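> Here are the chains, one letter per residue:
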Amino acid sequence: MIPESFEYHAPKNLAEATRLVGQFGADGKLLAGGHSLVPLMKLRLAAPKHLIDITGIGELNYIREEGDRFEIGALTTHFQLESSGLLKSRCPLLPETAREIGDVQVRNKGTLGGSLAHSDPAADWPAAVVALDAEMHAVSASGERRIPAKDFFVDLLATALQPEEILAAIRVPALPARGGDAYAKHCHPASGFAVVGVAARVVLDERGNLAEIGVGITGVGPKAYRPAALEEALRGKSPGRKRLEEACAHAADGVEVNSDLYASAEYRGHLAAVYARRAVEKALERASENSQIS
Amino acid sequence: MRTKILGERIKRKEDPRLIRGGAHYVDDLKLDGMLYMTFVRSVYAHAKIKSINDAAARSVHGVVDVLRGRDLEGKLGNVPCAAGLEGLKIPDHPCLAPDEVRYVGEPIVAIVARDRYIAEDAADKVEIEYGPLPVVVNPEKALEKDSPLVHSKFADNVAFVAKLEGGDWKLVENDKSLKLIKQRFINQRLAPASMETRGVIASYSSGEDALTVWSSTQIPHLLKTQLAVMTGVDEARCRVITPEVGGAFGSKLNVYAEEGVASFASKKLGKPVKWIEGRRENMQATIHGRDQINDLEVYVKSDGVVAGLRCRIIADLGAYHQLLTPAIPTLTALMILGCYNIPNVWVETIGVFTNKMATDAYRGAGRPEATYIIERAMDLVANELNLDPAEVRQRNFPSPKDFPLTLATGVDYDTANYQKTLKKVLKASGYSRLRKEQERLRKKGKYLGIGLSTYVEICAMGPSSRMPAGGWEFGMVRVEPTAKVTVYTGTSPHGQGEETSFAQIVAEELGIPFDNVTVYHGDTSVVQHGIGTFGSRTTAVGGAAIFGAVQKLKKKMARFAAFKLKVKPGELIFDGGKLQTADGSKSIPFGEVVEAAYYARQLPPGVEPGLTEQMVFEPPNYTFPFGAHVAVVEVDGETGEVQLRNYYCVDDCGRILNPLLVDGQVHGGLAQGIGQALWEDHVYDENGQLITGTLMDYTLPKAHHFPWFETSNTETRTPVNPLGVKGVGEAGTIGSTPAIVNAVVDALKPFGVRHLDMPLKPEKIWRAMKQAAAQA
Amino acid sequence: MKIRVKINGAWREDDVAPRLLLVHYLREVAGLTGTHIGCETSICGACTVLVGGQAVKSCTMFAVQADGAEITTIEGLAKDGQLHPLQQGFWEEHGLQCGFCTPGMILSAHQLLARNPHPTREEIRKGLEGNLCRCTGYQHIVKAVEYAAKASGK
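Residue numbers (our numbering), protein chains in the order written: chain D, 1496 to 1789; chain V, 127 to 902; chain F, 16 to 169.
In isolation and in its complexed conformation, chain D is listed as follows (with noise of 0.2 Å):
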């Protein structure tokens, strides 16, 4: 329950914490909403020697609407992204993701950034983020770059930062007309992770078939990822229930799944497949939705 001793550093705006995360290296630690780092301190399976809080850097929260795209700062709370009004309207697959994480304390705390910086395997909002090809706003004493979604999550618990770079924001499409999304998640009874969690935003074209589709699936494997054999399935075709089923049943293709107690790789690859099926099925009804408005 008690972590061990560290020096805490409050940097007040990004300039400060880049230096600092420069300075300390593989010694120091970010602290953000702190639901991934706080209790893996108090179990000791983490012991920086430097947490470096950021939660007082305003400068990195906000939302942020620029064209047909958003632009999220890494220390919005899941909170703020659920009840986004903005968002609700104009990429409503954020505050759905938002919704389904953890529980109401964990949401009011926690942060994109942290969770995404985190990449957890369980974790909701990567399902979000690469369904979506967000690009991630990485930041250094050094400079600054885009990484996109899809080479952003690395492995377990590993993403492409380097040690000494600090995720400063997010950049989102908006929902395009005639779009729509969803996520679908199994979700573990106890911890609220995600035992599977399917992220899928559809474009339909005129003619009610497929135009675009972007499918995040979070839980499943190491990582975050995009189904590549699914998406190819569907793509530009008209989604009839057994087209859906037929490309659905690819959502584990070439991914080792993850096993523990609750659920076996093999159930969850069925799993993956059933909520890949329920995702896309949602944004296709919300996509025809939207489209007989339009």
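The reader is advised that the hints may include incorrect statements.
In silico DSS-like links for lysine-lysine, alpha-carbon gap of 25 Å or less [unchecked claim]:
| # | chain 1 | residue 1 | chain 2 | residue 2 |
| --- | --- | --- | --- | --- |
| 1 | F | LYS17 | V | LYS139 |
| 2 | V | LYS704 | V | LYS681 |
| 3 | V | LYS176 | V | LYS251 |
| 4 | F | LYS17 | D | LYS1507 |
| 5 | V | LYS137 | F | LYS165 |
| 6 | V | LYS305 | V | LYS215 |
| 7 | F | LYS21 | D | LYS1507 |
| 8 | V | LYS279 | V | LYS176 |
| 9 | D | LYS1544 | F | LYS17 |
Hints listed in this document are in silico derivations from the structure and should not be mistaken for laboratory results.
Given the structure is predicted, the values throughout are model-derived calculations rather than measurements.
Please build the complex by placing chains V and F on the supplied structure of chain D, with the hints as guidance.
Positioned in the frame of chain D, the structure of chains V and F alone reads:
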């Protein structure tokens, strides 16, 4: 008209302090100079302790002492076991393992430091060198000839074998017209997981040679006696106080190593020592519940009447005996016939040592296992004979006229009307409508399941002749000189609400306002004797003692009043704050009688001053609450996910003193029973490592896991105690588990599924459906 | 490190170690033991308090992070001896048994009603998913929150 208090929905006296944050649990107490203790526990399920290096721990600034098993030898007694069974093997159970550890989490070293942060830092620095030994986790493997031994001093891992026989088993076996139905049930291991973990403060004063221990326990008086024995402090100078206790469910019906070590440390260091259990420790080293394998055979007539029941129970006891470890599975045998008058019974119970934490009393303690076996059996019979499960139960119920009834197990059931509760729950649930809906949905490929359970439990523990350490209870009632009333009970409620229900008893009997009564419990220097709160006994035994004490008190008060009023004492009625004659012609205010008793200027002949009376109530029998539950579930045909749609129950706990409290007990019990059926599972891997060691892995059900519980009652009073109450603390847990499993198995009937073991996790159900599809 | 915190309306200053958890600060430094600790993994919610009006698990935050913040604990809910409608609701509806989860449960419910003054039963259950209770089976807790919603709406 008498003021009605008993039987009313009265809100609790306990609550104001709890809802304001003003109550004090053990960890909320702070004593001058208090030190903090933490434990280093075994990371192996079975190993020799080759060496312990605590030099680095001792050098941490603020560390006061480091204790090992050897430091306690001859100075602190072993963890006690009170269960007495014939031929029972009782292994030594030192408070700190001196040379060998037998389960993950067994305490080896205790660190005492100035604060808990320092104590944990130091604990991290203790180096223990282990010599791993072979591990046995599976109780059936533990019974094999070449199994590793948990205790090398014993020839095998069998702790005891107990047999229970009734009727004529030969007759059953020779009757070829009977149909034999066999099934194996696994009743999985559970974690009691009260929200407050265990905690203790021990404070020894060398000047007085006196030990005071604050502990989160259900049995302060028994603990006091045991700590006196363990520490060698004169029992007259031992005091145990239970402050607020944050839930227990049987897990604090025990005497634990940590209570002993804290007492020892305080005695050695001359300062108060506090230990608060962490949640991981709680999952590892607080007793676990259930963990039985049941091989069942039922012999049934073609009309569904069961002629005989045979069961072999393998009970996984874990590595050591805690206070009641071996006694728990014997209750399963005792109650295995449930509410059916089955004439022939044969049960063998084998208690087995394994390299796991001890099992012991967890809400229901042996009876949920029995109810699960017999209630699943009834559904298997229904399935086999293609009868409705409600009908099979009806055919096996004894008539209400048959009570009191001695079953083939030798148990004497007090009173019951099983037909009535069943009928009521079938009506409440719209059972026949549900069956029709099920039919319709099945045609659409949707799987609705309806599960029944009609249970009886053995409660109000119990007659002393059948209890390990006394089954009586102590109660005392004192009218104070200000006419306020103080009640002392030897029970130790920790959420059940007896500060309220006992005050109701006393206020009603004395005809005074409810607010004028205060109930005390949980301090051995304030309450003279006691057994404690467990086994649904607090109201049925402890309440009966209070009731008895208040009758004595009324007699005495009537003598004072009669003396003043110049009437016969027997004529007086207590009501509305006065004592009056039946015709109302003469009366005297309650307060004036109190004054007469305390000022004592004119005493009636042979009457002593003062108004204090006590009673030790010895129950002549157990009580047997019963009920009928219906669960309605929907199973997702694609994923195996279970949605609990409705839950209906009718419970009969005898006379109801406060319906609000009864509802609360039932709801909480349901949550735990349903939790076992669907989610909870405390799992060790084959190396004896606990896999479900945190609340991230072990599922404690959450608010959104449950539907609205539709509860109601019937009231069949028991003659076993003067209140007519039977007990309700465990009813929900006992009744609900089989109802849920029966419902899920019922939903899976189209797949030909006959049985699934708990917990009914989606994957298990999915596999069963998949297998059925593959066979079709 | 020096921190300045406004707890239940009163400012105080303390010198704390960076690793001191907020829950330990509240319980052992500020002496407010109504906030409880039930797990080590940020699951049970027994330690829930309001920080800046938001329900948080005080075991998952360091005291130094609360510097400058306003904190409400269970001890601060009743005003002038008057129980908060939620406290009253828990009492009226028997929303507690052992009482250990209750302070956290009440503060989570407080958060829920602040955002959704008239929640459905399902919304109440969902709103309390971060708080475990082993005693009540939750039903009376749901009723307690309904009671408070009604009482506050008057």
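> Output the numbers, in ascending order, of every earlier hint that fails for this structure.
Numbers 1, 6, in rising order.
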